[in-house]
Structure formats: C-alpha cells, structure tokens
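Visitor: Heads up: the sequence lines are chains A and B, in that order.
Take any residue in the first sequence, count from 1 to its spot, add 6: that is its number in my numbering.
Take any residue in the second sequence, count from 1 to its spot, add 6: that is its number in my numbering.
For the record, the hints were derived by calculation from the structure and aren't laboratory data.
Hints should not be assumed to be uniformly reliable.
Remember, identical chains collapse to one label, so a pair may be satisfied in a single copy or spanning two.
[Said to hold, decoys possible] Distance condition first, Cα-Cα at most 30 Å in a straight line; then the derived BS3-like pairs of lysine-lysine:
(1) K332 with K170
(2) K170 with K115
(3) K325 with K312
(4) K173 with K332
All values derive from a computational prediction rather than experimental measurement.
2 protein chains.
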Amino acid sequence: MRILILGGDGYLGWPTAMNLAVENEVWVVDNYLRRRIAEATDSEPLIATPSLTERARLFEAVSGNRIETIIGDLGDPDLMYDIVQRVQPECIIHYAEQPSAPYSMRGFKEARETLQNNLNVTFNCIWAVKDIVPDCHIIKLGTMGEYGTPNIDIEEGWLDIEHKGRKDKFLFPRAAGSLYHTTKVLDTDLIWFYVRTYGIRVTDLMQGPVYGLSTDEADLDQGLVPNFNYDDIFGTVVNRFLVQAVAGIPLTVYGGGGQTRGYLNLRDTLQCVRLSVENPADKGTLRIFNQFTETLSVNDIATKIKTVGDSMGLGVNIKSIENPRKEREEHYYNPTHTGLLDLGLEPNYMTDDVIASMLERIVVNKDNINTDRIMPRVRWNA
Amino acid sequence: MRILILGGDGYLGWPTAMNLAVENEVWVVDNYLRRRIAEATDSEPLIATPSLTERARLFEAVSGNRIETIIGDLGDPDLMYDIVQRVQPECIIHYAEQPSAPYSMRGFKEARETLQNNLNVTFNCIWAVKDIVPDCHIIKLGTMGEYGTPNIDIEEGWLDIEHKGRKDKFLFPRAAGSLYHTTKVLDTDLIWFYVRTYGIRVTDLMQGPVYGLSTDEADLDQGLVPNFNYDDIFGTVVNRFLVQAVAGIPLTVYGGGGQTRGYLNLRDTLQCVRLSVENPADKGTLRIFNQFTETLSVNDIATKIKTVGDSMGLGVNIKSIENPRKEREEHYYNPTHTGLLDLGLEPNYMTDDVIASMLERIVVNKDNINTDRIMPRVRWNA
Chain A
7 MRILILGGDG YLGWPTAMNL AVENEVWVVD NYLRRRIAEA TDSEPLIATP
57 SLTERARLFE AVSGNRIETI IGDLGDPDLM YDIVQRVQPE CIIHYAEQPS
107 APYSMRGFKE ARETLQNNLN VTFNCIWAVK DIVPDCHIIK LGTMGEYGTP
157 NIDIEEGWLD IEHKGRKDKF LFPRAAGSLY HTTKVLDTDL IWFYVRTYGI
207 RVTDLMQGPV YGLSTDEADL DQGLVPNFNY DDIFGTVVNR FLVQAVAGIP
257 LTVYGGGGQT RGYLNLRDTL QCVRLSVENP ADKGTLRIFN QFTETLSVND
307 IATKIKTVGD SMGLGVNIKS IENPRKEREE HYYNPTHTGL LDLGLEPNYM
357 TDDVIASMLE RIVVNKDNIN TDRIMPRVRW NA
Chain B
7 MRILILGGDG YLGWPTAMNL AVENEVWVVD NYLRRRIAEA TDSEPLIATP
57 SLTERARLFE AVSGNRIETI IGDLGDPDLM YDIVQRVQPE CIIHYAEQPS
107 APYSMRGFKE ARETLQNNLN VTFNCIWAVK DIVPDCHIIK LGTMGEYGTP
157 NIDIEEGWLD IEHKGRKDKF LFPRAAGSLY HTTKVLDTDL IWFYVRTYGI
207 RVTDLMQGPV YGLSTDEADL DQGLVPNFNY DDIFGTVVNR FLVQAVAGIP
257 LTVYGGGGQT RGYLNLRDTL QCVRLSVENP ADKGTLRIFN QFTETLSVND
307 IATKIKTVGD SMGLGVNIKS IENPRKEREE HYYNPTHTGL LDLGLEPNYM
357 TDDVIASMLE RIVVNKDNIN TDRIMPRVRW NA
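This is chain A alone, in the form it adopts within the complex:
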C-alpha cells in the first residue's frame, strides 16, 4: 500500500514510518517544527536523533526497507497538493501537529503558532484528499485529551443522547485542558463536517499519553531511536518520571496526583495505527477509536516507577509540586476502548518488566540528562 505519513519525524511518526515500511511503500513529510521548538525551548531529547533523511538512510542500510523523505511545511497548500499528487497515497497518517500542551499555553505567539499549524495542515490534508485521491483513507491522530474529564463514561467518539423523549447521536462532548488539545477538538469538528459533506473516509485515533522508546525497528540501531523527551514541554509524564528516577531527583507529581488518563506503550501505538491502516474506515465515515490500553493516575505511575526503580537500587523519591496546569486533580474517569481490541490489538501493559527495561535504557544514557529542563517552565494561569 502507498502510505504517506505527515509529521514523520516525530516521537510517533518516525517509529510508525519504520514499522509500516517493512511491508508498504512509505513517504514521510516533516517541517522540523518540533526540532525548532525543542532547540528554542531547551527541550531536546535524551538521545540525539539524526536528521530525517539521515535516519531513513540508516534504516535502509540496516533493514533493506526504503522510506522516502520530504522536508517541507504542509501548512502550505501548494506543497500538500503537490505531494499528494505525486504520491497518490492510499492511506495518509496525519501526525503533523504541534503536540505540546505546555508550549501551546506559553503565550500568544506559541498559541497562535499551534492553532495555525494544526488547523492548516488538517484543512489542507482534507482538501488534497477530496480533490486528488477521494478514496484515500485518512488516519488522524486525535487525543483522549479532547474529551477532558467529564463526569460520565467516555464513549468512543460518539454519544447516543435521549432528551425530552427524543433521540439522536452526536460527537461525544469535548472540553479539552490546553490549547493544543483544543486544536484537536477543532480538527475533529472540521473533519466531521467534511466527512459528512464530501464523503471522505477518516479514522480518528483518540490517543492517550504514550511512553517507551523501544520498537522492533528502533532497536535495530541506536540512531533509529524515537525522540525520547523528558522535559516539561514535550515529555509525557511516564517518560519524565523514568528520567527523574535515573537522575536521582524526585518524581514531580503535579498537585494531588489523582489525574487519571489512558496510557499506552509506544509499541501499541504502532499496533493501533497498523490495524487502522489494514482495516480502513468506510467511505463517508468518521470512525473514532479511543487508543490506550489502561487507565492510571499520576500517583499510580509514580508508585510503579518507584517500586521498580527501588528494586534496581535507584532510591526513588516522589514529591508533589504546585500544579502548573488547570485541571481536576480528583475526578471520575471511565473511557470505553473496545474498538481497537476488536480489531486485534494485543496490549503491552506497563508491567514491572517494561518499566525496568525502560529504566535500563535510560541508565545507559544517564550522562545526557539535563535536569534543568524537567521542572515546569509554563504555567496555565501565568
């Protein structure tokens, strides 16, 4: 299958590209926005990553599988149309969004950059597909964060509502906790409008926070490692805690630590995306999956990592700090997530073994840890 990956240089985009390149023709596009933001905010990954083209060359050398790379800004409609015309993709995987919640809350400039980049790429992608390859399956990375933390069970994207004796089905209500997450709500509204108006086919993967740095392909060579961030800008909480445990500084729980989310292993992101590629949404359908394997609170995660870290002699401490975000620290959270399991997802849970192997990998790179970038540098109520 001809697959085009938008945002193919990212933490998830790059391992996805390698994974799918084993059996498909894969093109990746990236504008290096994340690299530029990482440089500007001192938020570079634990293990330096070569350029996208360099990584593709390396991957071909060690695996024999080719990945075509294009560096350019998909917010430019001419580039989007040109690439879709050239590649004639049967599937587009759209990761090309500014993915940091704290960055999107830093100030006007960063908020505007996030809004414009994310909306423009989604809009251009929809139009290029509609105009050039209307049967192409768009797989869009959404986020569980679109839903926020409602007091009712979170269904998979949609909700049947009965009101005053009448019934209808709607998008599940969304109320996100950062501007970044809100841009994904806007993406969903935009995509749903064009799906029902122009009959394109889309799968929206409402993903929870991802952790890990090992995949079958990434493990082939140190230079193929995903961008493993542990800073306050791009680092997800699990990856940040793992690095704190190795660095010998306390795991910094934001506020009460009861904040609960659906998490998944990087390997399961690859499974979920692959299952979506292999089982496309029907024409004229917006199919939505909640993409995570288990729900955990921040305190749960801290305790798990402390337990494993202590058993390895790391002497891990946990410390609550003032929450820089505006979010509920105790809340109901019960999201459905059966769609991807029904397609065949076999979860890799956050077991002690999984945590231990991540910690071991970080220990090897301990000298790279810059502890200045771990504490929150952005406040929601600044």
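Model the placement of chain B on the given structure of chain A, informed by the hints.
Guide: Chain B alone, transformed into the frame defined by chain A:
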C-alpha cells in the same frame, strides 16, 4: 460605555453601531472583506452604501452622534492589540466574520479565506481582551446554524446529559451545514476553552437568519441603509424572496422547502445586542442565547410573501428548484429561546404589515435589481 464593534461595516454591524452610538462611545473596525467579496462575486447590495467613514460622517450630520471608524484587518494581531489598547473597550461586539455559507463552499480558496479570517479574528480578540482589558465583555455573534437540525430539542447553548446513571453538563452538540457555520462551531470551542481557562466573560448570540432593512437610525437617511443583499451569496432567504416578488420572478424554494429555521427582524437583532450590552455576562462565564423570534419553514416564508405581494398586485409565483445545499428538507426543529425574552426582548414578528413595508421599500429601488445574481451559483456537491 466604550463599545468597540468588530466588523462594523456589515449588514448587522452598521445598524448596531448607529443604534448604540446614541447612548455610548462607539468605535467600529472593518477590513471591507465583505465589500471585496461582493465585488468579486457580483453580489452587491440593492442600495449602494457609502464607505464606512462616509456613513459615519452622514450619521453624525443627521443625528449628532459620533462613530469612530478604523479600516484595517483584525486578523493581524498587532492591529487588534493596538486598537484594544487605544480604545480600552468595556464591551466588544464581534461581527467580523466572513458570513456567507455559499461563499465558504465555493472552493478551496474561499473555504481557506473563511476559516482563517474567522478563526484569526476570534483568537486575536480573545487574547487582546485577556492581556489588556480582562473585564471587557465580549459579545460574539454565533449562529443557530451551529446546531444544525438535530432530532432533539435545541437548548440554549448547553445540554444536561444523563448517561449510564451519571450526569454532566456540556455544550449542546453542534453539527453545522456549511464551512462558514462550522467556523462558528470552532469559534465556540475556542472561546469556551479560554473562558474556562482565563476567566474572560463572553455572551455568544446564536442568531438565526435576519431580514429587513429598516431601523430607527437607518431610516434617518437613504445613505444610512444597511447592506441589503438579495443575491445567492450574501442574501438571506427572506430578503431574496422579497426582491424576487418585486422583480416578478418566482420565489425559488431550494428543494422541498420544509427547511425550518429561527428568524428575526433586523430591529430585533439590535434589541438583542443592546440587551446583551446592558446585561453583561459574569466573569468566567460563557453565556449563550438563541437569538430569533419565530421558527418558519422556507415554504411558510414563501407563502407569507406571496400572500402580501399578491394583495399589492405583484402577482407572486413560487417555484421549487434543485437544492444546491446539502441539508435535510424535512426535519424536527424545536429550539428554546427564552433567555433574551427574559432580558426584555419585545419581538417584531414577520407580520403582513412588516412584509408589506419591506416590499414597498424594495419597489422604490426596483430598477437596481440585477436578476442574474439571484439563482444559486454555488453547489455543495460540486
């Protein structure tokens, strides 16, 4: 009160500015986007309107009330910040959006222009208020079209949902029928995020289609008339039917004509906005009103206008044509609209007298009618 009106040159913006200038200090800003689109698409109003500055001069001459005018693009954040800094508004009324559904469905360029203009102005407005005048009350013109035509009663902006024995309150689900209407859904999501995060105060007026060309102030001089459009791009259905009745061409009902919406007289838009100005939303609150006075189907409207037109000897015919839009032609429609009535709205309904006086005004300007611009030139499924 110091009031800043964004989009003050429009069909609603200009009469609002005059109406509020009688008792307040009013500034209006406009980038003439609608004028440029009207020129480019041959969609100019029935009665030519002088420039915004010219109209303000004329209004001051006949009424003694001053309106400050600024021509510029509020999608430019520097201009938005500069104006808000200079004016220090206590209230901002935000009409500055590309308002045509057909224009937004014409092609990529027009869709992109609509998305970017509408989102950027809303975004810049929110930020300028947050940073410079955080107590300022933003009155945002939304649209009843955000809700679409659900099979349940439409509440005023919000919906209490009980699901699997648990309860929460959410934005009422939205599913709009054009890209223009969808940009207003995105506006709502964006505003709601920033209201709950930064504590700004916003009233969102979910307005139905407006008709009419008479207001106390507009009637002072022919040069003060609102931009009365009867074309397929900017003309709302009532205004278009009125002109067709006078021009002696059939009232063109799109499809079955069972499409039902909530309508209101231009005079009632002024009342609703004034009531919102005088009764601001609380800090940290997104207050939403459904702004219309009566629900009517397209067939209802055609019949009303035919009845009055025939009694005036116009000999009105009604003709169904293929629907250029993608919409339900028979559907349930029962929206709540008590909020503005509770504040004191006294409706001017679409009575025979009201229709007759509009027809008489159009008869006087009959020679200006260009019938080439009435039939639909944009199709949703092009």
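Visitor: Are the hints correct? Go through all of them and say.
Guide: Comparing the hints with the structure gives:
Proximity of K332 and K170 under a CA criterion of 30 Å is satisfied inter-copy only: 27 Å between copies versus 34 Å inside one chain copy. When the C-alpha separation of K170 and K115 is checked against a cutoff of 30 Å, the pair qualifies neither within a copy, at 45 Å, nor between copies, at 42 Å. Taking identical chains as interchangeable, the C-alpha atoms of K325 and K312 lie at most 30 Å apart only when both belong to the same chain, with a minimum of 11 Å there against 75 Å between chains. In this homomeric assembly, K173 and K332 come within 30 Å of each other (Cα to Cα) only across copies, at 22 Å, whereas the closest approach inside a single copy is 34 Å.
Hint 2 alone, counting from the list given before, is not met by this structure.
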